[in-house]
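Asker: The primary structure of each chain is shown beneath.
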Amino acid sequence: MSEKRPSLSPARFLSARRRHRSAGLVVLLFGLLAVGSAYAAFAPDDAVADNSAQSQQIEEGKKLFAVGCASCHGLNAEGGANGEGKMAGPSLIGVGAAAVDFQVGTGRMPAMQPGAQVPRKTPTYTQEEIEALAAYVASLAPGPAVPAQESYDISKATDEQITRGGELFRTNCTACHNFAGRGGALPNGKYAPSLMNVDPKHIYEAMLTGPQQMPVFSDQVMQPEDKRDIIAYLNALQQQKDPGGFGLGRLGPVSEGLWGWLIGIGLLVCVAVWIGAKGVKAKGAKAE
Amino acid sequence: MSDKEFPPPVKYLDDRLGIAKIGRKNLRKVFPDHWSFMLGEIALYSFIILILTGIFLTFWFKPSMGEVEYQGSYSLLKGLHMSEAYASTLDITFDVRGGLLMRQIHHWAAVLFIAAMMVHLLRIFFTGAFRKPRELNWVIGFTMLFLGIIEGFIGYGLPDDLLSGTGLRITQGMIGASPVIGTYLNFFIFGGEFPGDDFVSRFFTIHVLLIPGLILALVTVHLFLVVYHKHTQYAGPGRTAKNVVGYPLFPVYTAKAGGFFFVVFGITALMGALLQINPVWLYGPYNPAEVTAGSQPDWYMGWLEGSVRIMPGFESHFWGITLSWNLIIPALLIPPAFVTLVALYPFIEGWITGDKREHHLLDRPRNMPTRTGIGAAFITFYALLWIGGGNDLIATHFGLSLNNVTWFLRFAVFIGPVLAFWVVRRVAISLQRADNDRLMHGLETGVIVRSPEGKYTEKHAPISNYEAYSLTAHDRMLPLDIGPETDDNGVRAPRRALNKLRARLSRFYYADAIQKPTTHELEAAHEHAHDSDEIHDISETETYREVTSDRS
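Protein chains in written order, with this note's numbering: chain A, 1 to 288; chain B, 1 to 552.
Chain B on its own, in the form it takes in the complex (with noise of 0.2 Å):
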């Protein structure tokens, strides 16, 4: 490559910079193809959409909680009096050319940015890639989910509408229970009384300075892990955990990250064009003394609003001190723990598996089925406090009482997750035995065929090699051994309950997983199959024009 000659303006660069020898290594850098490998772009895209639209409206955004007169020209609100923040929300949304656009693609690209992640991170979850070597970019990635929430509940309460002072009330009385420092975090954080004069300057430092840089310095080690790690990928003919099987950076991927990044900005802006999201004039300014029935949050905060409603109304007195336990259990307790079992959940995994080995083949869902029902229940549990958090609106549209409503998840949410998880389980085993079957016997061909002694069989024909070995590139999966009780000289092993107790989480990972058929298994299979005449073979011929790359 030295011995080519570069255009004077990459010579100049690659003189000083050195960009001929990163560009080398990196441009033909192989990443596998698959579209559930696209989902984490969409998130990337979102949040660039975020930063451009952001930077527009902060020329015209008074992040201030000065009373002013409204004199702009949104008929319904004309000489109101409100806050800087609010009045210039309503000046970017009537005033300001093209301002309501890009309002909307903002707060649409929002929601897109938070439901793109967390659709990354079930991906992600589903298929194991969160395996040996890469527990640590899980947790940088759902430490971008978590500070992705934040940003975006943060950027719902800047406009001091009265929507986002509605959700901000809610939020001060979530930080309100705490119990003795509750008051102390509230007035640190409003700077006194709620609302207060500070909140909408502070968190607007918080919403354009701190969380967007943190992010953006994530995503960062994020993507460069992803590098450093190399792209996972599905199993099948050819792929192993030593190579990556795909096309190269430049020009392929190139393109059609290149065209998916405008896809995105297209469909983000289409919506901020012709969906209304936000409609902030027809809530009006906020005013603690006023409510909207309505009042939810952005759907990323449903299910924490949601645990709150259904909660029961307990408290609890003692000492002049009381405890609000319909706020401490819901908003103080459930959350942080179930945010902690999801960021915690590759080493809670690799420590009840015992598995030490690095794995960059993705697991079918099928093929770790408790696991998938994990998943599954977590996503009910999820769901089903999502729903909560719109229980008034369930109510209305289905013609249903809201009590009931609210009833049916106090239950729900118990009985709910534990079903999920042993139907998806079934489920999961089930398709494994179908699976099987296929390696086994065969594809069904539907030719019946009478034999002498007047025995009616269906004529099985035999998957090609390559869905066989897709079908086998798994591991056996085998229970955690613990060793004996003693060792040789009789002395017992150290750390015995805990590791009996890892023994038992394991069986139970594993119990009733379907294992792959054995080589033996599988000749003695196919040599029954063959004993009468073969009906035909499935040829298939098959391009393959990607490139391997070694992953050391």
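Here chain A stands alone, though its shape is the one from the complex (with noise of 0.2 Å):
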């Protein structure tokens, strides 16, 4: 039956609906796929794109962090407390993502078990990975932004720079981390760290964040190129070879102490029971 009726012009066929229940729904989402459609063709792309891939950083950041951190850390970094009672992980809103960026990147988090200190390992989680993270965090709440590239690129740091990094070295840094950065003891088993083979991203982060035991050093407080300029020092004072022989673990009078017993007077008592136990050869006779 319905073939055999007349078909209907499309002017028609919209005319014959205007009145339709649904023909005001209809217009709006055409208007709004008309406006959709040029508003990206219009609109710079890749800011969509950005804040797309941004919120699905964030995301994939807020799962990692669900999976690896909130145990201690609390489902929204609020902070968590173990069964007796005790903080188990610091609420991180704010921290920002410098901070995770050193904690995660040197492998200190996520932390293997509670104890004094938190020591540095070989890091758990992918450079994508610690980016989400941080993303993540640094969502929740402003905090210190992982450094640019630029402010610890130490490739053009002059003599003079490093000169007067050493000395920004020894007035803020030795007293806990030893005049070679190879660390020291702090109360109740914590320490300062070794600061060699350290990537320069993570000591300007650490000084900027103060992590564990660290005064934080802002920028305000110490300039980005003091901070470069210290970055700068200690790279030196690693690649430096030690020019008196056997550097005994640049860790001072006590290394050397314990060298000079055990081997100088060692090997003097060795050789002096040598010559006591040499008997005294006659002529023709064999002594002993």
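Bear in mind the hints are in silico, worked out from the structure with no lab data behind them.
Check each hint, because a few of them may be wrong.
[Stated by the list, open to error] Taking lysine-lysine pairs in the PhoX-like style, the calculated list, with each CA pair at most 20 Å apart, reads:
#1 K356(B) with K500(B)
#2 K132(B) with K356(B)
#3 K241(A) with K78(B)
#4 K11(B) with K25(B)
#5 K156(A) with K78(B)
#6 K25(B) with K242(B)
Being a predicted model, the structure only gives us computed values, none of them experimental.
Hey, can you piece these two chains together into the complex? The hints should help.
Answerer: If you want it as structure tokens, here you go:
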């Protein structure tokens, strides 16, 4: 029956249904589609892509956080307690991306076990995952961001800057980290870790965020170029060969005393025993 | 000898200096042979090395606190302002040919010098070589050790780097803690407020002139007294308190001691070449506002550092005066007390034992259990304080808490020496028992014999006469007898209380010591051993080619 009906022209088709119940909705949808397409056509492409990528990264970070971090730091990074009411992990709201990049990038987080201090170890997460976690934590509240590459770029450091970095290092850092950056003891089993073979970025971030026992040296207190000079001095120190032979760990007089007694006096006493045991060979006769 | 014609140069000198007479007497001087008699030589030789390398260093070192801008070849410090002392130390290190090697040999020799003196002192102590007539030589030797430590510490302060400055700052704090005079003393030593401009030049004169001169003079007296007293020897067949058995100075000891000098020099030079010591360039110039972790003195001041480190922070205030017990006790009371006890030990022991005889035969440490125990207690006390001086490195390297290390040491410095005394004394007594067993029953042969009654016994073989002689050469030790309370006329003996204390100490000194068996006991024991068949005689062929020289 319907096929016998003369076919309606499109205009007639629309006109016939213009008072249909859902006509308004359809028009609205078409309008939105048109505006949306126009926006998509005219607005800068990347902003949209970035936005969605960033939210995606934050989302990904949130998932990683829920799996790897939330058991101590709380599901929303608000900090958490262990079963005995003691703090298991501090709140991470406002610590910023730099703190996450340092803690996870040096392998300190996720921590293996509670203790006086969380040690450095091989990182568990890839750089992408670290960035996702950092983005998530940074999205919670403003905090120090991961420093730009040029702020810790020491490839162009001059000798003057390195010397200046040495003075700053001796004034601010050696009291805990030792004159050669080999680390030192702090109360109750805590310690200042060795600064050898640490990524310049992580040294910068440590100064910026003050992890564990370390005080914060914010960019207002210690200018970014001060930080860069210190990193340059540390790098020069690490590159420098020990001109006086084996460096004995660059730990100071304690290891020197140990070597003096074990090697020096030890060897000399051995020689004394040897000379003392040497008899005198009388002519033509065998002594002893 | 006089009929023999000397070659012309010797004759020339002999006519003017009489060297033939001196030589004839002294070149044939006999010294006994034992490795432990060469420990003092290490100290003497390292002192010679110190003088030689020290002279080299004075050619370039500028003992001045004048401020200069460093322009040497060490780039990490270039352009920094520092004292001339530190700048010249850097120049010696980086710009003077062989300078770093000389500096390192000098420093290692200093480490070995004091260590060797201390090991030598321990040898003298444990073998009783300090007894009459050598008490004064003990005191001289001890004074040299003391001067050597001061000398080393002042040398450590000279380069004016961050480490040495920190060390001096601590010393200044200790001096400042002396009640009433502390501040005056500091101003006197440093010529004003620390660090001032004077200390490097003052310390330099003390370091290169005053103390080395004193040590050199004391070395001369020390060695002269060794020659005069003649060397002690260990007990053995043919060795008595009246002779010295050994080899003549020339040629045997000339070769041995001369060779040993080169070995000491060689090992010190090797250490200087291969092991880096005191890398002053890493510390940077001294600045009172800076400090570094790992600030420690050289090893011989470590026990003093530890004593200060483990002391709780007590202070009292009254009448506007602060008494810093946290420095007075560990730095101004304990070290002098310890040092005085060690220096006066020969007199203390002599008074307690009442032994006024001359001794030229050395004790085996086991035969004087109480003295050996006291020595162990002193070593333990010293070592625990020493560990305290490195408590931070012990904490980081063994994964311990710094506070736990410190608290452990606070108790251990009191308990440790008592334990060490008790354990070592009992070990010595057990060794005495073992010696007596050897004497009375002989060696265990491992041969088990079954008697007709079915009894199993182990065969013992008698020890050689030589060994038996050596094992019984020491005296029987009896506590001091202070005589009766009153004399025949009923008059009370004088100084009774003091003498009673002395007797009690003497009993303590000899209590539980095992006396060597009497002849009668020995014979009885051997009689018993001979009742069944002898396994075999241990035959010994020993050639004694040594020279015996009379003591008189």
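Asker: Hint by hint, note whether the structure agrees.
Answerer: We went through each hint and held it up to the structure:
Proximity of K356(B) to K500(B) is assessed by CA-CA distance (about 19 Å); at most 20 Å being required, the pair is judged to hold. Of the supplied pair hints, the one linking K132(B) and K356(B) holds, its CA atoms being roughly 7 Å apart against a limit of 20 Å. Proposed proximity of K241(A) and K78(B) is supported: the alpha carbons are some 18 Å apart, at most 20 Å. Proposed proximity of K11(B) and K25(B) is supported: the alpha carbons are some 17 Å apart, at most 20 Å.
With a C-alpha separation of about 18 Å, the suggested pairing of K156(A) with K78(B) holds against the 20 Å cut-off. Between the alpha carbons of K25(B) and K242(B) the distance comes to roughly 18 Å, so the proposed pair stays at or under 20 Å and holds.
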